[in-house]
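Peer 1: Chains C, L and F: place on chain Y using the hints.
Sequences listed follow chains Y, C, L and F, in order. According to numbering that gives the first Met the number 0, the first sequence is numbered sequentially starting from 0. According to numbering that gives the first Met the number 0, the second sequence is numbered sequentially starting from 0. According to numbering that gives the first Met the number 0, the third sequence is numbered sequentially starting from 0. According to numbering that gives the first Met the number 0, the fourth sequence is numbered sequentially starting from 0.
Everything labelled a hint here was simulated from the structure, so no lab data went into it. A hint or two may mislead.
Same chains, same label: a pair holds when it works inside one copy or across any pair of copies.
[Said to hold, decoys possible] Derived EDC-like pairs (lysine to aspartate or glutamate); straight-line CA-CA distance at most 16 Å:
1. Lys-322 - Glu-158
2. Lys-304 - Asp-267
3. Lys-307 - Asp-326
4. Lys-304 - Glu-258
5. Lys-304 - Glu-199
There are 4 protein chains.
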Amino acid sequence: MIGRLFRVSLFGESHGRGVGVLIEGCPPGLRITEDYLAGELARRRPGARYTSPRREEDRPEILSGVFRGRTTGAPIVVFIANRDIDSSFYEEIRHTPRPSHADYAARVKYWGFNDYRGGGIFSGRITAGLVAAGAVAKALLVTHGIRIYSYITRIGPVEARVQAQDTEDFRRRIEESPVRCPDPEASNLMEEQLKRVLEEGDSLGGIVETTVFNLPVGLGDPPIDTLDGDLAKALFVIPGLKAVEFGAGFRLASARGSEVNDPWILRDGRLATETNNSGGINGGISNGMPLVFRVAFKPTSTIRKPQKTVDLRTGRPATIRGKGRHDPCIAVRAVPIVEAVTSIVLADHLLRWKSWETLRSRILGEE
Amino acid sequence: MIGRLFRVSLFGESHGRGVGVLIEGCPPGLRITEDYLAGELARRRPGARYTSPRREEDRPEILSGVFRGRTTGAPIVVFIANRDIDSSFYEEIRHTPRPSHADYAARVKYWGFNDYRGGGIFSGRITAGLVAAGAVAKALLVTHGIRIYSYITRIGPVEARVQAQDTEDFRRRIEESPVRCPDPEASNLMEEQLKRVLEEGDSLGGIVETTVFNLPVGLGDPPIDTLDGDLAKALFVIPGLKAVEFGAGFRLASARGSEVNDPWILRDGRLATETNNSGGINGGISNGMPLVFRVAFKPTSTIRKPQKTVDLRTGRPATIRGKGRHDPCIAVRAVPIVEAVTSIVLADHLLRWKSWETLRSRILGEE
Amino acid sequence: MIGRLFRVSLFGESHGRGVGVLIEGCPPGLRITEDYLAGELARRRPGARYTSPRREEDRPEILSGVFRGRTTGAPIVVFIANRDIDSSFYEEIRHTPRPSHADYAARVKYWGFNDYRGGGIFSGRITAGLVAAGAVAKALLVTHGIRIYSYITRIGPVEARVQAQDTEDFRRRIEESPVRCPDPEASNLMEEQLKRVLEEGDSLGGIVETTVFNLPVGLGDPPIDTLDGDLAKALFVIPGLKAVEFGAGFRLASARGSEVNDPWILRDGRLATETNNSGGINGGISNGMPLVFRVAFKPTSTIRKPQKTVDLRTGRPATIRGKGRHDPCIAVRAVPIVEAVTSIVLADHLLRWKSWETLRSRILGEE
Amino acid sequence: MIGRLFRVSLFGESHGRGVGVLIEGCPPGLRITEDYLAGELARRRPGARYTSPRREEDRPEILSGVFRGRTTGAPIVVFIANRDIDSSFYEEIRHTPRPSHADYAARVKYWGFNDYRGGGIFSGRITAGLVAAGAVAKALLVTHGIRIYSYITRIGPVEARVQAQDTEDFRRRIEESPVRCPDPEASNLMEEQLKRVLEEGDSLGGIVETTVFNLPVGLGDPPIDTLDGDLAKALFVIPGLKAVEFGAGFRLASARGSEVNDPWILRDGRLATETNNSGGINGGISNGMPLVFRVAFKPTSTIRKPQKTVDLRTGRPATIRGKGRHDPCIAVRAVPIVEAVTSIVLADHLLRWKSWETLRSRILGEE
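Isolated chain Y, as found in the complex (with noise of 0.2 Å):
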């Protein structure tokens, strides 16, 4: 379970009868639709040029906790119901475990009886459960003005410049870009990347930055519940995502404190910070600064090159490659999720920020 208030919990397996996300502790009234969910869902689906070539629909069904068209405060469920499913590839590949992939892990801990086709519970597809609690999460946050916004930083070797602003205009600029990049030169080299490790059959990682502007001054509950802790235990729910840094995050490692400290000044009458290398938070709750991260994606590790592994019928080597076209970079597809996520943990800490909102008069309206 991702949350203490807004709570999301995850089901559903790659090749089973579908996946899906139940949502409980969400407040009634949020205007929520299969339509709008199938919106949101279209944004991660496979299909668009450099994600894998499965065809879904991705029908979202609301199975609970919305009544014309509104959240009535019961538990949600929303499920996606798999098809276009032919999982003879797993059968063959079964005692031979993918490198990087959970293949091995699983068998070992669920005792063999877990369900390996298309990589089970493991695959990206479980995700589409986080993007539609996402989407719930997000009609509660726009209540407040909160805005994320997603984007890629690097895919391989191609890193781009981007400066984040809160703008239709920026939105957009990620939207146009088949990579989500919204930097436009360094979108066009990492569409040429991919293009090239796709005929090669091979894949690359990417880096995938959030920023979210409007949030209020106090989200996070340290010392244990940080801001930045259970964002970060809720983006390891992604696949393949291995890395996570705050604000400069891994920069200040090798930075002096008088080089990356934020200095405090005014700007339009508010406090905020010169620069934003905490991005946005200070121990664990968030500042009023623009909130910023940074995850890493590995490569795809499904990809068609040759890769070495042991049959464990035999306790041989073998060699495995994946078949078909596969999507040569997770980074890409993880854009939408990474934001959901991110929408989960903050409609969260916005409840929990609301339970002390209206005491603070009445606890010093005593006086």
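Peer 2: Coordinates of chains C, L and F only, in the frame set by chain Y:
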């Protein structure tokens, strides 16, 4: 609360009565004494050469849960009283929030009621509780032969070359380095850097790497409670930590799948991977290879150099500077804390894993 | 969510798409099929003589977590689609809250957005999910020989005399009684009572007793997660349940210690108590004696007799009466649900207990 | 842990260093002092006429979370050191488990490592932490005008006639009764009973009723986290509590719907029910009527009369008898503890409820 079965909660403030930890769900029979805890706490104690000079004895008191030198199965509380406290500086800076500190965010979140002295709950001092809990967790992990090594791999501009080994010699090299870096040459350069920034009233960031040997295959509960996600969340409890990466981490973002996928091989009759770019985790589950991750710490925020801020009473720009000697690099001091947090999370996941372990024969034995 | 390791969440509404359950933390390898679940659900299905006439087939669909007839270790979702729905009555009574129903409280809590049709989430129908989860839990419990019997001991004025036994005969006597009461004489009287109130358009309360045999000593995690407390909380999920007592329960309040304390004796070489007024629990932990508790259900709130209410649109007194046939005693129908909830909580505590079980030799073996 | 937002954890043993409580999630600004807590603890302190003679001062120490007399928003720990301890009796009876005590269950569960002295964590003394947490919770509840009254309605054979009222007079009548029973006649009879059993070396059970006035409509989070279920779970933390019923409770099992359904009426312009057999809760949610519930306590298990047990070393029958004066009725002493537990659970649900409260206008205001 960190953990589902082995559960850890922190309390206390830097300049209040003391700091401490509550540990719930710890099994009975583990040998724990105040002397043992004091020894573990000594490793993080201020007073070492490159950590701040506050000279507390950190005498841990076990308030509950231990009887005749053994854990009882009941909740354990360890309390470490504060001594040696001068809070006058904090009165002075109360209205001038320190750059990159939680001063401002906390003031807003807690409506000004937070104990601001010494950073309150945001002080590094609160990590004493983590170290105490980590010591208890470690007593559990050793019963399963799990061994954890944390060490410095970078301080500011100096990067070490470290190949972790599961040997006493490696442990000794870490402990003997004043900066906890097992690469002696880098250790010397790091010392020089620290001397310099200390003289200049500045500070440096750093990286702590952790390697865990002998972890069973199967720890981690995807899809939500992944091993990496649970580690990440708990690590962000440590003040000043801004990033975490597993295995090759951010480097994977620049790479091709064919370069960084970890081929499966047989080594000494057991399945292993040729490389370990995954850092011992696939799909959120330990895969039997060493668990490897790195965390980045920002430079100490409090420095003697003057820094820009705003006087919250007047709304005017102000200057602030730390007084007296300060800790030039929190990463150094964080080494045993990272190890402790790792112990806590692994103890929790070990217990979860144990809950299934003996079921296998029962469930399969039915047939 | 019920449970810490074996975790159960409910969703769905009476007149929406359907109802269901999410089960997380279930170990792999348990044999679960839709037919098995359908059989368990049939036991609570409306259509039996003294339960309401809604004739649904309750075809459970396993949406995830089961593969080739076995649990996989992944989250399990069971969904039971709704059919046979006529919501017109609920439109009619929408603004006239039913006495002793959640209509009004829900309307205020959910700002009028709740799905009021058929009682929404407050309908007894939501318990189908509990029964499905209980069936999975039971498959785990049988691997440890734990056997649960729930049965009626009172309906309205008729009290049965029951001495629970761990025998097939006792199970058969429960199943053969149309009101699930193993005392044949009382069963007949109860039937008569039910016939009468049904004719009169009224309803009756009742008591369900549960006895669990062969529970290991040591289940329960005081001080907070006591076995009785966790059972109580989960039992209150069942609509209409208003009270729970363990062992001699309320009768203990009138007694002297010398009369009701349970003396320890040796029985068949094992420690046992002469009486079982404690109901198998001391200090929140199972003590090896049969677990015994009773729960009280209020009479069905919806009756054909006219009842007083207020029209919320006009603020004027109004009269409301249930239409068609209704279920004269929810206690009868609750019998398999109480059994299911008991299974869920015991499965969770069994897993917790297992997490320590194999540690003992490791921890003590060190010395 | 009790609670989701206002969270309470207990620690400590009867004859160890002390007992205490950790409170997480408490909002800042509440006035809490050690004197205030000491006053609340005095109400449960041994030394009153019909409670056991252990004469501790119960000086609570606030170890964290309070600064200058106000809660800070950080975790609060209250610790009450033990004094006046003679454990010799417990050495004597260590191997002869007391009837209806946790001695045996704990010995098995904790492999003999539990602190058995004075009952360890199973002692009534651990409830001091509940009272301290309840006092903090109460400071929050009064800001919303919520008032809680707990009182005795039965001791052994004597049943009181009580009609709870939200008045200072009713509070005074409770406090003035040595047995906390607001019915003066019954109170006298109860005193007589207690005198008699005390002389005879025996003990009595009892019932504590609680009535809460001015609770908002809408507290409780069904389907799982019902208000009654959360109360029940928390109440079972209190040693010796064996049953709980809401509203008319078990009496509902014998009744007809037409007799006990609560008709809706308008009273002083607000919706109310004519009777309150539901005890203020419908469908797990507070309905605006007074919350009413009763809990049954078994007679004190430790009595001076000889009782049968088994010597676990020899496996032979043995006799055990309590020494010195004992507490003849734990129900009396439990009165303020039941009140404290109620406060804790209501504070938690109040905070949950507040998290939605201000959303309504934001969500609906959009349109």
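Peer 1: Taking the hints in turn, state whether each one holds.
Peer 2: Results for each hint:
1. Lys-322 - Glu-158: For Lys-322 and Glu-158, the Cα distance exceeds 16 Å both inside one copy (29 Å) and across copies (41 Å).
2. Lys-304 - Asp-267: neither (56 Å within a copy, 27 Å between copies)
3. Lys-307 - Asp-326: The answer is neither: 20 Å in one copy and 48 Å across copies each exceed 16 Å.
4. Lys-304 - Glu-258: Answer is between: at 11 Å across copies they meet the 16 Å cutoff, but 45 Å inside does not.
5. Lys-304 - Glu-199: within (8 Å within a copy, 54 Å between copies)
Violated hints for the displayed structure, listed by number in ascending order: 1, 2, 3.
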